[in-house]
Amino acid sequence: MSTKHLSPEVLSERRKKAVRLRLDGHTVAVASQQTGLSAPTVSAAWKAFREGGWAAVPVKPRGRSKGQGNTLSAAAQALLWDGLYAPAPRRMPGWSSAALADLANERLGLRLTQRAIEHWWETEELKHYPWALAALAKKRTLAGRWFDKAVAPAFLRCQNAEQRWQGGVRRVAHAHRALYQIYLHGVRGKLYMRCFEHPPTACDYQTMLSRLTQPAVVVFHGAMFSANQELAEWLASQTSLTVVAVPADLGLEHR
Amino acid sequence: MTSLTHLQRLEAESIQIMREVVAETENPVMLYSVGKDSAVMLHLARKAFAPSPPPFPLLHVDTRWKFQAMYDFRDKMAEDIGMDLIVHINPEGVEKDINPFTHGSAIHTDVMKTEGLKQALDKYGFDAAFGGARRDEEKSRAKERVFSFRTAQHRWDPKNQRPELWKLYNTRKHPKESIRVFPLSNWTELDIWQYIHLQNIPIVPLYYAAERPVVERDGALIMVDDDRMPLEPGEVPMMRKVRFRTLGCYPLTGAVESEADTLPAIIQEMLLTKTSERQGRVIDHDSSASMEKKKQEGYF
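Residue numbers (my numbering), protein chains in the order written: chain Y, -7 to 247; chain X, 403 to 702.
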C-alpha cells in the first residue's frame, strides 16, 4: 500500500485514525486494513503517539510554512519581542503590525511589511483570529442565546463598527519564553496585542481598556475581572465602556 | 476456561478484602473523600454486598476547604445511594479558624485532616477504616500493607508491618488497635480511570477539563473556587482549560492544563503521563518524606 500519492493532510488524518483504532484495542493489521496505510506506517504512527502524544502523529507539511522564510533576522526578532513585552505606543491599546514595523524602521532602519510581521506572529503562535460573533445572532445554541442576551444589547448602544472590540487573554505555549498575551481585535479584525512574562495584572487590563476610543464595547475572554475588586470598581465607573465577559466553555468559533 | 482481565482480577481482590474486613472487625467505616478513588471504592463496596447496601457508614473528614463541586457531589451521592454519611469537622480547628492561608498547609492538614480523622474514629469507635490510597500514588504509600495497623494513638510504624503472603491477611489486633484497610492498593491511576469508564461510575466534574478561573502559586495552578481565596495585589484570575488529577482542599490542589473533557480522552492522557497525580498536592511537598511523617502521626 503506497501512501506517496496522499496529501500530507490526508495522510495525517489516516495516521490519527490508525492511532485511535490502536487505542480502541485493534491490532496493527486491522488498523492497516481500515486506514489503507501499511503496517509499518501504522506502527510508526503508534510509536510516535506513545512517545510524543497526538502532536507527534501527523506528518510534517511539505514545503516551507508561512513565516518560515528568513525574512526576519535574529536582531529584528529580538527587537519585536522586546517591543511586544514593553508598553504599546501612546494611545494604542496594544501593538499592531504597523506599530511594530515602525519600531523596526526606527530602531534598526529595517523596512518590514505588516504582512511579514503578521507571518512572524503566526509562526510564533501569537496570531489570534477573531470570533464569528455576528453569525451567532442566527444560531439557536448556547452561544447564540448568550449573544442575544449579552452582546446584542451592548452592540445596539455602539452602532459604529469602530466602537466594537473583541479580545481576551491567554497563555501561549512557547519553547523559549514565558508568554501571556492580551489580544484585541478592532474594526475588520485588526489585531493589537501585548505580551507579558507573568499573568497580566489589573493595571495592565486597565491601561489597555482605557486606551480604546469611547464609547466602546469589548467582548472579552479569559479573565475573571469580577474577582479583582479594584478592577471591577473601575469598570463599573466607566459609563461609556462596556465589557461583556465570554462565559467559560462557550466554544466560540473563529472567523 | 475463562480468564479474568486485569481489572476483573483487581475488582475481585478488592471485594475479597472488603468482605474480609466486614467478617473480621466489629465496627468498620469507609472513608469517603469524594474523589475518584473513593467513587471506585464505594462502587466496589456496593457490588461486594449487593443486594444489601454496604454494612458500614461513610465518613467524610471535612476541612471546610474542599471544592464546592465536591460538596455538591457528596450530598447528591449520599442521597442517591442511601448509605449513612457521617461528616466530621474538627471543632477545635473551626474555633481557631485554621486555614491553609494564614496557618500554612502543614498545620491545616495536621489539624483539619489528621486530627479530625483521629477524633472521628475515636468518637464513633471505628476499629477498621477503608481508604482509597493506592501504591502508585506516593513512595510511603507504596510500602504500606493492605491491612495497615495503627496503635491506640493511631500511629503507624512502617518498620512493624505484617506480611501478606498469598493475599492472606492477619486481621488480629490488640485491644484499642485499629486497622486502615486499602482495598485499592494494587490499582494504578490508569486502572482507576479504565474502571470508571467501563463501569460508568459517576465522578466529580472537576476531573474533566473545562475553563476555570485559576491563579499561579509557586508554579501550580490554583483554582479560585470562592471569595475566600486571597489574591495578590492587582492579580486577576485567568480562565484556563484545566482539570484536576487529584482532589483535596482547593487552595492546596494544583490543576493541570488539559483538553481531556471525556473519559476516553483522560485515559489517553494517562497513557502518556509520567508523573504521579500527587505532584499536584502542595501538602506532599512540605518537606522530604512528608507523607511518611504524616502517616506515622495518623494521616491517611
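Since the hints were derived computationally from the structure, they do not count as laboratory data.
Glycine included, every Cβ here is placed at the ideal spot set by N, Cα and C.
Treat the hints with care, as some may be off.
As the list claims (entries may be wrong) - Beta-carbon label-pair distances, calculated as ranges:
(1) Y/Ala124 to X/Asp486: 34 to 44 Å
(2) Y/Asp16 to X/Asp524: 15 to 25 Å
(3) X/Asp474 to Y/Ala146: 27 to 37 Å
(4) X/Thr675 to Y/Ala167: 19 to 29 Å
What the hints assert, rightly or not - Straight-line C-alpha distance at most 25 Å; calculated DMTMM-like pairs for lysine to aspartate or glutamate:
(5) X/Lys676 to Y/Glu245
(6) X/Lys643 to Y/Glu154
(7) Y/Lys8 to Y/Glu117
(8) X/Lys643 to Y/Glu189
(9) Y/Lys8 to X/Glu661
(10) Y/Lys131 to X/Glu671
(11) X/Lys569 to X/Glu613
(12) X/Lys676 to Y/Glu43
(13) Y/Lys119 to Y/Glu245
(14) X/Lys478 to X/Glu671
(15) Y/Lys9 to X/Glu671
(16) Y/Lys119 to X/Glu659
(17) Y/Lys52 to X/Glu661
(18) X/Lys449 to X/Asp593
(19) Y/Lys8 to X/Glu497
(20) X/Lys541 to X/Glu613
(21) Y/Lys141 to X/Glu659
(22) X/Lys449 to X/Glu426
(23) Y/Lys9 to X/Glu546
(24) Y/Lys119 to X/Glu661
(25) Y/Lys39 to X/Glu661
(26) Y/Lys182 to Y/Glu225
(27) X/Lys643 to Y/Asp94
(28) X/Lys643 to Y/Asp74
(29) X/Lys578 to X/Glu671
(30) Y/Lys39 to X/Glu671
(31) Y/Lys8 to X/Glu428
(32) Y/Lys119 to X/Glu613
Quick rundown of the hints versus the structure:
1. Y/Ala124 to X/Asp486: 34 to 44 Å: violated (53 Å)
2. Y/Asp16 to X/Asp524: 15 to 25 Å: Violated - the Cβ-Cβ distance for aspartate 16 of chain Y and aspartate 524 of chain X, about 50 Å, lies outside 15 to 25 Å.
3. X/Asp474 to Y/Ala146: 27 to 37 Å: holds (32 Å)
4. X/Thr675 to Y/Ala167: 19 to 29 Å: Roughly 21 Å apart at Cβ, these two residues keep to the hinted range, so it holds.
5. X/Lys676 to Y/Glu245: violated (33 Å)
6. X/Lys643 to Y/Glu154: violated (31 Å)
7. Y/Lys8 to Y/Glu117: Holds, at about 23 Å.
8. X/Lys643 to Y/Glu189: Measuring from Cα to Cα gives roughly 19 Å; hence the hint holds.
9. Y/Lys8 to X/Glu661: Given that 25 Å is the threshold and the Cα spacing comes to 17 Å, the pair holds.
10. Y/Lys131 to X/Glu671: Outside the cut-off at roughly 33 Å; violated.
11. X/Lys569 to X/Glu613: violated (44 Å)
12. X/Lys676 to Y/Glu43: holds (11 Å)
13. Y/Lys119 to Y/Glu245: Given that 25 Å is the threshold and the Cα spacing comes to 15 Å, the pair holds.
14. X/Lys478 to X/Glu671: violated (28 Å)
15. Y/Lys9 to X/Glu671: holds (17 Å)
16. Y/Lys119 to X/Glu659: holds (21 Å)
17. Y/Lys52 to X/Glu661: holds (23 Å)
18. X/Lys449 to X/Asp593: holds (18 Å)
19. Y/Lys8 to X/Glu497: Roughly 57 Å separates the two Cα atoms, so the pair is violated.
20. X/Lys541 to X/Glu613: violated (32 Å)
21. Y/Lys141 to X/Glu659: Not OK: lysine 141 of chain Y and glutamate 659 of chain X at ~30 Å, beyond 25 Å, violated.
22. X/Lys449 to X/Glu426: holds (19 Å)
23. Y/Lys9 to X/Glu546: violated (42 Å)
24. Y/Lys119 to X/Glu661: holds (20 Å)
25. Y/Lys39 to X/Glu661: holds (21 Å)
26. Y/Lys182 to Y/Glu225: violated (29 Å)
27. X/Lys643 to Y/Asp94: violated (36 Å)
28. X/Lys643 to Y/Asp74: violated (28 Å)
29. X/Lys578 to X/Glu671: This hinted pair is violated, its Cα atoms lying about 44 Å apart.
30. Y/Lys39 to X/Glu671: holds (15 Å)
31. Y/Lys8 to X/Glu428: violated (55 Å)
32. Y/Lys119 to X/Glu613: Holds, at about 21 Å.
Hint check: violations occur at hints 1, 2, 5, 6, 10, 11, 14, 19, 20, 21, 23, 26, 27, 28, 29, 31; the rest are consistent with the structure.
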